[in-house]
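**Q** Residues per chain are reported as follows:
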Amino acid sequence: MSGWRGLIVPVVLLLLGEAAFRVFGYVGDTLAPPSAIFRGFAEAIGDGTMVTTTLQTFATVLGGTVIGAAFGLVVGCALGFWNLLYRFTYITIECLRPIPSVALLPLSLMIFGFGYKMEIAIVGFATAWPFLILTYSAISQVEPRLLEVAKVFGFGPVGTAWKLVLPAAAPRLMTALRLCIGIALVVAVTSEIVSNPQGLGHELMIAQETLRPHRMLAYLVLVGLIGWGLNNLLLWLQTRMFRHRGEVDTEVAA
Amino acid sequence: MRRGFNFPGLAFLQGLVGLALFVWVWHLIVASGAVPRAFLPSPEATWNAFVRGVTIGDMREQLLGTVLRMINGWLLASLVGIALGSAIGISETLRNYLRPTLAFARALPASAVVPVAIALVGLTPGMVLGVIVFGSIWPTLLATVQGFAMVDPRLVEVSRALHLSRFDFIWKIGLPNAVPDIITGMRLSLTVALILAIVGEMLAGQEGLGKAILLAARMFRAPDLYAGIVLLGLVGLVSSYGLLLVERRVARWRR
Amino acid sequence: MSGKSGSVVIEFRDVGLYLGGKEITQNVEFNVRKGEFVCVIGASGCGKTTLLRLVSGLYQPTTGSVHVDGKKVDGPSRDVAIVFQDYSRALLPWRTAAGNVSLALEAIGMPRAERADRIHALLGKVGLAQHAAKYPSQLSGGMQQRLQIARSLAQGASILLMDEPFGALDAMTRQSLQDEVLELAADTGATVLFVTHDLEEALYLGDRVVALYSNPGRIARIVDIPLTRPRNQLSTREEPDFLHLRRELFGLMEEIHA
Chain A
1 MSGWRGLIVP VVLLLLGEAA FRVFGYVGDT LAPPSAIFRG FAEAIGDGTM
51 VTTTLQTFAT VLGGTVIGAA FGLVVGCALG FWNLLYRFTY ITIECLRPIP
101 SVALLPLSLM IFGFGYKMEI AIVGFATAWP FLILTYSAIS QVEPRLLEVA
151 KVFGFGPVGT AWKLVLPAAA PRLMTALRLC IGIALVVAVT SEIVSNPQGL
201 GHELMIAQET LRPHRMLAYL VLVGLIGWGL NNLLLWLQTR MFRHRGEVDT
251 EVAA
Chain B
1 MRRGFNFPGL AFLQGLVGLA LFVWVWHLIV ASGAVPRAFL PSPEATWNAF
51 VRGVTIGDMR EQLLGTVLRM INGWLLASLV GIALGSAIGI SETLRNYLRP
101 TLAFARALPA SAVVPVAIAL VGLTPGMVLG VIVFGSIWPT LLATVQGFAM
151 VDPRLVEVSR ALHLSRFDFI WKIGLPNAVP DIITGMRLSL TVALILAIVG
201 EMLAGQEGLG KAILLAARMF RAPDLYAGIV LLGLVGLVSS YGLLLVERRV
251 ARWRR
Chain C
1 MSGKSGSVVI EFRDVGLYLG GKEITQNVEF NVRKGEFVCV IGASGCGKTT
51 LLRLVSGLYQ PTTGSVHVDG KKVDGPSRDV AIVFQDYSRA LLPWRTAAGN
101 VSLALEAIGM PRAERADRIH ALLGKVGLAQ HAAKYPSQLS GGMQQRLQIA
151 RSLAQGASIL LMDEPFGALD AMTRQSLQDE VLELAADTGA TVLFVTHDLE
201 EALYLGDRVV ALYSNPGRIA RIVDIPLTRP RNQLSTREEP DFLHLRRELF
251 GLMEEIHA
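Chains as they are written, first to last, in this note's numbering: chain A, 1 to 254; chain B, 1 to 255; chain C, 1 to 258.
Incorrect hints may appear among the rest.
As the list claims (entries may be wrong) - Here are the computed distance ranges between Cβ atoms for each label pair: (1) B:T101 <-> A:R243: 36 to 44 Å; (2) A:F114 <-> B:T124: 48 to 56 Å; (3) B:T124 <-> C:L19: 55 to 63 Å; (4) A:F81 <-> B:R166: 49 to 57 Å; (5) B:V25 <-> A:T239: 39 to 47 Å; (6) C:Y18 <-> A:A59: 27 to 35 Å; (7) A:G159 <-> C:E23: 45 to 53 Å; (8) B:S91 <-> C:D79: 27 to 35 Å; (9) A:R243 <-> B:E61: 49 to 57 Å; (10) A:Y116 <-> B:F12: 36 to 44 Å; (11) A:L225 <-> B:G122: 25 to 33 Å; (12) A:F81 <-> B:H163: 52 to 60 Å; (13) C:D241 <-> B:S91: 52 to 60 Å.
Stated by the list, open to error - A few chain B positions that, by computed beta-carbon distances, are all more than 12 Å from chain C: (14) Q14; (15) D58; (16) L94.
If you're looking for bench data, these hints aren't it; they were derived computationally from the structure.
Note that the structure is predicted; figures quoted are calculated from it, not measured.
Every residue, glycine too, gets a C-beta built ideally from N, C-alpha and C.
Build out the structure end to end from the sequences listed, making use of the hints.
**A** Structure representation (structure tokens):
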């Protein structure tokens, strides 16, 4: 692994940024040098806001993903098992799915007001569709041979689902979960930036409005690190869990 | 991934029946009074608001504003994304240097750069466009990189055995190999562009459907709000399926 | 066609190759003469495909050297064409049959105006004239392999390397392709180095058979095949020499696999 080469670009960018501020002596309220961003990190950790807001966003991401994934899993399984149900619902699903989640922000705000509920509802909506579609496609692509095996052994529908179909679809479901957590983070931060006064997104907005660029950029870096870290963590988990099957699909576009 | 719209006539009819059932259940729920009308207007009220908005209201201008904002940003993002992605995909050295930086940039929720963009250029149309471009560039860029980088090693050997020049390899093997990936990426980028166009309108007060639904919600005009959401859903549906068709046409050799 | 008296065109001089710290081939030494049809057999993992890659210049030997027409191989040459086993991966899926053949003509810089006739002739030679406008995914396995052969002929190479080209095909298709390849080789006078794991195929096609041991790949035996040409799927396989050689090499193959 030639990892060191990948570090050159970020390090050079950081040094250039720092040097630019030192040389031109820029002091303003829109940008801050890397050294100040580190200070912003220290400040925000010191006064506890960084931990609180991170936990708020995490709670939303988790809550929303659990609700969305549960819905997607149940409906996706149902559609995968009963083709007739799929035929009667697919147009409706294809019509609801492309609704941009942010378009529901005003609605959710109107119904729930500020707080966790409105944000979790939107995250749930945004994650439900990809999870549903990926569950459905994972199940409908289960090797037909396995279903014949199930018939030979005389399993009922529940036994077939539990012993054969879900385990067979598991690697793809894990991919779906990873994608959905990524989507959930994006949607949560977006809701917080646009309206909901809590979490990392709101803190970013506050830092900008109170003209504290070092803090704003610290939060921006934090949000990026969280997104990057979560994705890598789940990817690592996925590889560990399904390594023996040799079928971890890392690049499913949803 | 193949899904939907593969069935011939009967299934399509069944699908439409399903949709009609959905609207009917929606109607029943509202009629039963189980949900306050302020939160869930009836389908009829939504339809009326939609017709009013499109005929005598401002909905057409708002739609145009949102769609233009989305398409402009998307086209710019596609142009830059394909150009950069090709360069990175062709050169393994460049890939090695940029991999972590790209991974980080991709993982960054695009809306998180909105405050930074506001700090830099203020609440201007340029800011919104910039955010759309920044946010929607990643799917196209990364898909292009992947398309160029993931040429089957056997084809690399074939081109070596045939003594293809580097230019010929890129033009005759790399690019055709990347085209389906690029279009898939552009389709995902368009979805992101729509979301960011709406976010931009909401935050910067630019004329468009995003701002319109925000105002409708503030004034508790539920039918207008729902009409706006439906229209935005249609924009998403049409743009996504349009590109899906292009994708299938261009990649017809994949059968 | 007994080209055995011709000049040497491929020489393996004490060739050894390490890939990723593993010894793939060891002390491989043999020659192929002009117009000769030489088959290489061995168990999987004996490095038979590696030998082809060394001749085509896709790999460089760690020790010793490979020479083609007296010159040391240091990279791919247009005079050496290669037909891969996995035809579906070796064809450009986005180009039609005609387009795939055209790629080789473009590579040798043939002007566009001359290509169409040449493509038509080449596709005709492998029996694909009617399928020129089809994409590889629309062709059967046998047809895809024929297309790959047409593409390698288009290159105008005098040396043809074939890497288990019929391994993935059914028995009937395989037999007719065997005869077609023999015919093409006789027509063009090409020198063929043909890798297979099928002993009977090797005996049926070859002027000589090189049998390899595995891990690392090294020469077990080189056998002349004195069967008359043209060969025939029925009578050749019933010739006493064929049966005798089959029995003899079968024992060797068992030993190799052990």
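**Q** Take a look at whether the Cβ-Cβ distance between R243 of chain A and E61 of chain B falls inside 49 to 57 Å.
**A** 55 Å, holds
**Q** Range first: 27 to 35 Å. Now tell me if the beta carbons of S91 of chain B and D79 of chain C are that far apart.
**A** 31 Å, holds
**Q** For F81 of chain A and R166 of chain B, compare the CB-CB distance with the range 49 to 57 Å and indicate the outcome.
**A** Once the Cβ atoms are compared, 52 Å apart, the range 49 to 57 Å for R166 of chain B and F81 of chain A holds.
**Q** State, for the Cβ atoms of Y116 of chain A and F12 of chain B, whether the hinted interval 36 to 44 Å holds or is violated.
**A** The hinted range 36 to 44 Å holds for Y116 of chain A and F12 of chain B, with Cβ atoms some 41 Å apart.
**Q** Can we confirm that no CB of chain C comes within 12 Å of the CB of Q14 of chain B?
**A** 31 Å, holds
**Q** Taking 55 to 63 Å as the hint, is the beta-carbon distance of T124 of chain B and L19 of chain C inside that range?
**A** At roughly 58 Å between Cβ atoms, L19 of chain C and T124 of chain B fall inside 55 to 63 Å, so the hint holds.
**Q** For Y18 of chain C and A59 of chain A, compare the CB-CB distance with the range 27 to 35 Å and indicate the outcome.
**A** 55 Å, violated
**Q** Starting from the hint 25 to 33 Å, judge whether the C-beta atoms of L225 of chain A and G122 of chain B obey it.
**A** 27 Å, holds
**Q** Is the nearest Cβ of chain C still more than 12 Å from the Cβ of D58 of chain B?
**A** 46 Å, holds
**Q** Return holds or violated for the Cβ distance of F81 of chain A and H163 of chain B against the range 52 to 60 Å.
**A** About 54 Å separates the Cβ atoms of F81 of chain A and H163 of chain B, which means 52 to 60 Å holds.
**Q** Measuring Cβ to Cβ, find out whether L94 of chain B lies farther than 12 Å from everything in chain C.
**A** 24 Å, holds
**Q** Could you check the hint for me, namely that T101 of chain B and R243 of chain A are 36 to 44 Å apart, CB to CB?
**A** At roughly 28 Å between Cβ atoms, R243 of chain A and T101 of chain B fall outside 36 to 44 Å, so the hint is violated.
Checked against the numbered hints given earlier, the structure breaks hints 1, 2 and 6 and satisfies all the rest.
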